[in-house]
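Chemist: The listed protein sequences derive, respectively, from chains D and C. Throughout the first sequence, residue numbering follows this note's numbering, covering 1 to 351 in sequence. Throughout the second sequence, residue numbering follows this note's numbering, covering 352 to 689 in sequence.
Each hint should be verified, as a subset may be incorrect.
Said to hold, decoys possible - Sample of chain D residues with no beta-carbon within 10 Å of chain C, all distances over it, derived: (1) 88; (2) 221; (3) 241; (4) 267.
Said to hold, decoys possible - Label-pair restraints from in silico Cβ distances: (5) D:296 - C:504: 22 to 30 Å; (6) D:125 - C:410: 24 to 32 Å; (7) C:663 - D:327: 58 to 66 Å; (8) D:173 - C:592: 36 to 44 Å; (9) C:653 - D:180: 51 to 59 Å; (10) D:183 - C:663: 36 to 44 Å; (11) D:110 - C:363: 51 to 59 Å.
Since the hints were made in silico from the structure, they are not lab data. From the three backbone atoms N, C-alpha and C, an ideal C-beta is built for every residue, glycine too.
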Amino acid sequence: MAAGAKAAQSQPAQSQPAQSRTGEHLEGSAAVRVRDLTVAFRTPEGLLPAISGVSIDLARGQITGLVGESGSGKSTLALTLLNAVPDPGQVTSGSVTVDGIGDVLALQGKNLRRVRGASIGYVFQASQNSLNPLKPVGKQLLDLARSHGVGDLRGLVREARSLLDDMGMNAERVLASYQHELSGGMRQRVGIAFALVLNAHVVILDEPTTALDMLTQSSVLEIIKKVHARRHLTTLIISHDLAVIGDLADRVAVMYAGRIVEDGPTQQVLASPRHPYTRGLLTAMPRIAGDIGEARSLPGRPPDLSSIPRAGCVFRPRCPLATEACAAAEPPVTVTGEHLFACFVAAKDLS
Amino acid sequence: MIEIRDVTRTFAGRGGLLGRASVQALRGVDVTIPDRGAVSLIGESGCGKTTLGRILCGFEQFDGGDVVVDGQSLRELKPRDRVPYFRRVQLIHQDPYSALNPTRTIGQILADPLTLRARHVDADGDWVHRRRAELLGLVGLDPEYVLPRYPHMLSGGMRQRVVIARALTVDPQVLIADEAVSMIDVSLRLGILQLLRDLRDTAGVSVLFITHDVATARYIGDGGELYVIYRGMVVEHGSTETVIQQAAHPYTQSLLSAIPVLRGIEEPGPHRVVPTGPLDERVESPGCLFEPRCPFATVDCRTGVPALTRRGDTRQLHACLHPEHRSVVAVPVAGPAA
C-alpha cells in the first residue's frame with residue numbers, strides 16, 4: 001500500500017487555509033489510532049459503558065471492516081472518530097488520534113465542524129434516507145460547500161460530478177434530482193459522494209449496503225472498492241454482515257459487547273478464527289457454498305447495555321468453551337503476528 | 352396445496368403531468384406450494400415477489416389467472432367467500448420491531464386471535480391459555496419468561512418468534528416469510544430459518560420464503576423449490592440446490608454472482624455474471640425482458656420471447672433462448688479451522 005501511504009501524506013491542498021493541519025502526524029502505518037477508549041451512557045441504572053477499553057488502528061490506505069451485532073457498540077465507536085457521541089453518551093477515557101489532525105476528542109466548536117466532512121467523511125446508516133426531500137441533490141451539495149466555507153464552488157461541483165461519474169451515474173441528472181427520484185442504490189452512492197467531495201482522506205461507512213438488494217449491494221461494494229483505491233483513502237466499513245466485510249476489507253475487527261474480541265488480516269481471521277464468537281458467527285452464517293448440516297446458530301442473544309456481564313469475559317454466557325477462569329477476569333489481548341484476540345481458551349490452545 | 356396459475360397483476364399508472372405508464376407487477380406466474388413444502392421466491396426489489404405473497408394473503412387482487420386452494424378455485428368465489436381461504440395463509444413481516452403492538456404484552460398479543468379462534472373451535476378460556484403456551488413452546492420460547500413482557504423487552508430474534516407464534520394461532524396451511532430474517536441479528540438468523548424448517552413438521556405448514564438473498568433459501572429444508580422471478584415472470588425454477596449449482600439463466604447467475612465471497616474460506620467461482628446496467632422499469636423489450644441488461648444477449652433475444660423450457664431431462668425450467676451453465680457460485684476452500 002505504498003501508493004496509499006504517499007497520497008495520504010501529501011494531502012490535496014485545502015481550499016481554506018484556516019484548516020488545522022498543525023496536529024501531530026502519526027508514526028507508523030496507522031491513519032487513525034484509537035487507544036483505550038471507553039464511552040459510557042448515562043442511564044437510570046447508572047453510567048453504563050457501550051465501549052470498554054477499545055484500541056484499534058486503521059491502517060493507512062487500507063479498508064478496515066468492523067463487524068458486530070446490534071448493540072455491540074460499532075456505530076458508537078465510529079461516531080467517536082468524529083467526536084460525535086450523542087448525549088447521554090460521553091467519552092470517559094481514551095484517545096482518538098487522526099493523522100494530520102491530532103486528538104479529535106480535544107477539538108471543539110468550529111475546529112471540530114471543519115474536521116468533520118473535510119478530513120473525515122461519514123456515510124450514515126440508511127444514508128439513502130438521509131437526503132433532504134425538499135431540495136435537489138445539487139442544492140444540498142452547495143449547502144455542504146457553504147457550511148465548510150469552500151471558496152471555489154465551481155471546483156467543488158466539478159469534483160462532485162467526477163465522483164458521481166466514477167460511480168457509474170449520470171451526474172447531471174443526479175444533481176438535478178430530488179431524493180425520491182433516485183433509487184436506493186443511487187441515494188447510497190450520493191451519500192458516498194457527499195462524504196468524499198470535500199477531499200476527506202478518512203471515510204467511515206456505517207452499514208452502507210443494509211436494506212439494499214443483492215445486485216445493488218454488489219455494485220455499491222464494487223464502487224467502494226474502486227473509489228477507495230483511486231483516491232487512496234483510509235476506509236472503515238461497519239456492518240453486521242460478516243460476508244460484506246469478508247468480501248471487501250483488508251483487515252477485520254470483530255466487536256462484541258463494546259469490546260474488540262478479534263482483529264486481524266481478513267483472510268487469516270476468516271480462515272482460522274481464534275475467538276469462539278468469530279467462529280460462532282461464521283458457522284451461523286447462511287452461506288451459498290458448504291455443508292448446510294454444519295451450520296449452527298449461536299445460543300443466547302447479544303447483550304444490551306444493561307445485560308453486558310460486569311466481570312469476566314463478556315462472551316462467557318454464550319460461549320461453548322467457557323471455563324472458570326473466564327468468569328474471574330476479562331481475557332487480555334493475545335497477539336500473534338498481526339492477529340489479535342481476547343480469549344483465555346484460545347490463548348491456552350496457542351501455547 | 353396451493354396452485355398459482357398464470358396470475359397477472361398490473362398496477363395502474365399514477366396520474367401526474369406525464370401520466371406514468373402502468374406497471375406490470377406479475378405477467379403470468381405459475382407457482383405450486385405443496386403441503387408441508389418449502390418454496391422460495393427470489394429476485395431483486397421490484398420484481399413482483401412481494402406482490403405475489405400479498406395476493407395469497409388476500410391483501411392484493413389479481414387481474415388474470417387463478418389461485419387454486421386444495422382444488423377450490425378462488426376466481427369462482429365471491430370476494431367475501433374467499434376470506435376463509437386467505438385465513439389459511441399467514442404473513443410474517445420483515446420487521447419484527449413494528450409488527451407487534453408496543454403497548455400490549457406478548458400474552459395479550461397472543462390471547463386476542465386465540466380467543467376468536469376458541470369460538471370457531473368451540474373451546475374455552477383454558478384452551479386459550481394452554482394453546483398459547485403450546486405455541487410459544489413450538490417457536491422455542493419460554494412462556495413464563497415471554498408472556499408478561501412487552502415487545503421492546505425482547506431481542507429481534509425473540510420478537511420474530513412471537514410474530515411466528517401469532518401467525519400459527521389460526522392454524523394456517525402456509526406461512527409466508529417475506530424477508531423474515533433480514534432484520535434479525537446475524538447470530539440469530541439461522542435459528543429463525545431452522546424454526547421455519549422445523550415448523551413444516553411440527554405444525555404441518557408449508558413455507559413460502561420470499562428473499563433477495565439466495566443463500567438463506569438453502570436453509571429452510573429438504574425438498575425446497577426455488578423460483579427466480581424477474582420483472583413479474585418466473586425465469587428459472589427447479590429444486591433449490593439444483594438451481595443454485597446448475598443455474599442456466601443469466602439473471603439467476605447474476606444473482607448468485609452478487610453474493611459476497613468470504614475470502615479465506617471461499618473462492619469466487621470461475622465465472623462472474625454482472626448485469627450490464629441497473630433495472631429500468633420503463634424499458635419494455637419486445638423480446639426477452641432481461642435482454643437490455645444481459646451480458647450474453649444476441650440479436651434474436653431482442654425479438655424472440657423465451658418460454659419456460661425444460662432443461663434436458665431434468666426438472667429444471669428456464670426462460671432463456673441461450674441457456675448455458677456457468678460456474679458462478681463460490682466454492683469452499685479446504686475446510687476452515689472452526
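Chemist: The structure should be examined with respect to each hint, and the outcome stated for every one.
Modeler: Going down the list of hints, with the structure as the test:
no., hint, in the structure
1, 88, "holds, 18 Å"
2, 221, "violated, 7 Å"
3, 241, "violated, 7 Å"
4, 267, "violated, 4 Å"
5, D:296 - C:504: 22 to 30 Å, "holds, 26 Å"
6, D:125 - C:410: 24 to 32 Å, "holds, 30 Å"
7, C:663 - D:327: 58 to 66 Å, "holds, 60 Å"
8, D:173 - C:592: 36 to 44 Å, "holds, 42 Å"
9, C:653 - D:180: 51 to 59 Å, "violated, 32 Å"
10, D:183 - C:663: 36 to 44 Å, "holds, 38 Å"
11, D:110 - C:363: 51 to 59 Å, "holds, 53 Å"
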